[in-house]
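Q: Starting from the known structure of chain A, arrange chain B on it as the hints suggest.
These are the residues of each chain, in order.
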Amino acid sequence: MAENNSLVRVEKLVKHFPITQGVIIQRQVGAVKAVDGISFDIKHGETLGLVGESGCGKSTTGRTILQLHEPTAGKVYYDGEDLTTMGESDLRRLRREMQIIFQDPYASLNPRMTIGDIIGEPLDIHKIGTAKERLERVQELLNLVRLNPFFIKRYPHEFSGGQRQRIGVARALALNPNFIVCDEPISALDVSVQAQVVNLLEELQEKFDLTYLFIAHDLSMVRHISDRIAVMYLGKLVELADKDELFYNKMHPYAIALLSAVPIPDPVKERQRKRIILEGDVPSPAKPPSGCRFHTRCPIAQDICKVEDPPFEEKTPGHWVACHFTKKAQEEML
Amino acid sequence: MAVADLELNSSITQQKERSLWQKSMDRLLRNKLAVISGIFIILMVLVAVFAKQLTPYTYAEQDLIANNAIPKWMLFIMPEGAENYANFSDKFPLAADHLGRDLLTRTIFGARVSLTIAFAGSLVSLLIGIVYGMISGYAGGRVDNLMMRVVDFLWAFPFLIVVILLQTYFKAIASRSGGEGMGGAFINLNNQMGGLLFLFIAIGLINWLGMARIARGQVLSYKQMEFVEAAHALGANDTRIMFKHLLPNILGPLIVAETMAIPGYIFTEAFLSFIGLGVNAPTPSWGIMIQEGVQALRSYPNQVLLPAIALSLTTLAFNFLGDGLRDAFDPRQIDK
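Going down the list, the sequences are from chains A and B. So the first sequence is numbered by my numbering: it starts at 1 and just counts up by one. So the second sequence is numbered by my numbering: it starts at 1001 and just counts up by one.
Just so you know, the hints here were simulated from the structure itself, not pulled from any lab data. Do not rely on the hints blindly, as some may be mistaken.
Unchecked claim - Below 27 Å or equal to it, Euclidean Cα-Cα: the simulated DSSO-like pairs (lysine-lysine) are: (1) Lys153/A - Lys1244/B; (2) Lys127/A - Lys1244/B; (3) Lys327/A - Lys315/A; (4) Lys1223/B - Lys127/A; (5) Lys75/A - Lys43/A; (6) Lys1244/B - Lys132/A.
To be verified - A few chain A positions that, by computed beta-carbon distances, are all more than 12 Å from chain B: (7) Lys43; (8) Glu53; (9) Asp82; (10) Ala257; (11) Pro265; (12) Arg273; (13) Ser290; (14) Arg297; (15) Glu331.
Claimed, not checked - If you anchor each label on the Cβ, the simulated ranges turn out as follows: (16) Val1143/B - Ser284/A: 28 to 36 Å; (17) Asp1152/B - Glu88/A: 31 to 39 Å; (18) Gly1141/B - Asp209/A: 39 to 47 Å.
Beta carbons: idealized from backbone N, C-alpha and C, even for Gly.
Pulled out of the complex, with its shape left as it was, chain A reads as follows:
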């Protein structure tokens, strides 16, 4: 899986959140297995889309890659350097190259700081430039995300959601990063504004040769922006492929069900579209099912699925799937 042109490589990444009990002496009684051993790589300059239901661990994956959560196990390599064993100061140096854009444009900007201070903060933290140079850089960044540099002394509450999200983008770009985790950057926005932000992200990617990990649950948007797409279910990757391969040759029952929910913009085809409705709810990540995690809701599950966790393997070049019965899934569900 390790290819030479991969910028970020994730190996068997695990993030468990402990569940504790007790008032004074706390003991661990379990763990929420938000991310449970996933491996993938992100190539230089590409956009990897990460999709899945709410609570499947998408955001935790993004944040654990950036070391905002300390991983329970596994490795994250950025440009060949292992982030998980890195000291505080080395990590701070690399933070200039990895950034994150958040979902909620209302919570991601400090309401007590001006726009200029928010966008200039990364420069301040890393002590880049003089005050005047910083100001110029902030103005340049505001121009870049198509906000008026005149707004520099304003406060976040004076802006709309889309404008705030662009402020968040400007902050992420301030240090000239290579890799940006976009953690559902458009989920909280109006549809009209979503396109604006997505187009901006694409344009910036081209301009600055950025690499994105694009987390979302809007499948059509992910399809639009991604080069490859990874599908996640309950802390594990179930399928990873080029976007067209995934849409036309999907193999995992969960991916098939998930993608069957994407509407087709052709009314004739749309009427014929077969929708697969999954039974039941997502099991709790604190007590994931044995064997294949999807077997409780899988329409084609067999006895072996309850016992044996299917390996995440490359079925065709570049197309990774974790399922015992990919053929059966394609025959019966498509």
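A: Structure of chain B alone, referenced to chain A:
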């Protein structure tokens, strides 16, 4: 730059930029009751500061012939038959106490004690509370657990017993060392402050607990916010996150809580002075004056009335101001 051009003409460019603090201030200034209370408190502070210039008497100066003297116009608040026993004198505008000291002067000087307690108490409890609460909330986990159990433990302490113990303990040390060493220095300082030091310690010791709890709760909710995570992702260190991101956001509710707690401090001082554990005679405080007045309540109700009115108005003013501040800082009002 079509988008930028568009935004130049939008309503946002027409307004002046206002920070959340400025917006809160605007809301506060629209609240009449809070403004009046604020002005009243400022007046009280000025009176307390310029007490010496305001009165021709000092608070300890006695005119023994004029003990319990009242001016004639005050008869209407006196009990029936007061004209038969009262000692009329126009020397004191608002009457004199049983030792012939001017009540107005003593009330004005009493404002010094009450307001010093109000501001020193809130400053001490805010400082300790914020530092303790922020560390506890920010560290989280075991540290948080331990620190909050300490607060619970102190909270369960009977306040009055602590104060009495403090007073007797320090006095015992003082009498043994005869004014020498640490304990003696403490006692001397306390005496010079008219007994205020022990009051500060007693009030400070108890009231930071509430502030610490509020600060911790606020930090717990804010440290989950994405802007704090963004700061982490940018490489900000803990100090920066605490002071630049958390503190400005948690300060509002703390200021409100503190303003609401001030009447409590004033009452505590009055109460402790009333039972004889507060300031030392002849330092006037409203509590001591009420206590002295109560002894002659039936014959001279005016001696209780004056400090009681001063006490009630001041605490009311702080309460109204606190209410106004709470409305002004209310997070539900943000964005309106």
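Q: Indicate, hint by hint, whether the structure satisfies it.
A: Tested hints:
{"no.": "1", "hint": "Lys153/A - Lys1244/B", "verdict": "holds, 17 Å"}
{"no.": "2", "hint": "Lys127/A - Lys1244/B", "verdict": "holds, 16 Å"}
{"no.": "3", "hint": "Lys327/A - Lys315/A", "verdict": "holds, 11 Å"}
{"no.": "4", "hint": "Lys1223/B - Lys127/A", "verdict": "holds, 24 Å"}
{"no.": "5", "hint": "Lys75/A - Lys43/A", "verdict": "holds, 17 Å"}
{"no.": "6", "hint": "Lys1244/B - Lys132/A", "verdict": "holds, 21 Å"}
{"no.": "7", "hint": "Lys43", "verdict": "holds, 22 Å"}
{"no.": "8", "hint": "Glu53", "verdict": "holds, 21 Å"}
{"no.": "9", "hint": "Asp82", "verdict": "holds, 18 Å"}
{"no.": "10", "hint": "Ala257", "verdict": "holds, 31 Å"}
{"no.": "11", "hint": "Pro265", "verdict": "holds, 26 Å"}
{"no.": "12", "hint": "Arg273", "verdict": "holds, 36 Å"}
{"no.": "13", "hint": "Ser290", "verdict": "holds, 31 Å"}
{"no.": "14", "hint": "Arg297", "verdict": "holds, 31 Å"}
{"no.": "15", "hint": "Glu331", "verdict": "holds, 44 Å"}
{"no.": "16", "hint": "Val1143/B - Ser284/A: 28 to 36 Å", "verdict": "holds, 29 Å"}
{"no.": "17", "hint": "Asp1152/B - Glu88/A: 31 to 39 Å", "verdict": "holds, 34 Å"}
{"no.": "18", "hint": "Gly1141/B - Asp209/A: 39 to 47 Å", "verdict": "holds, 41 Å"}
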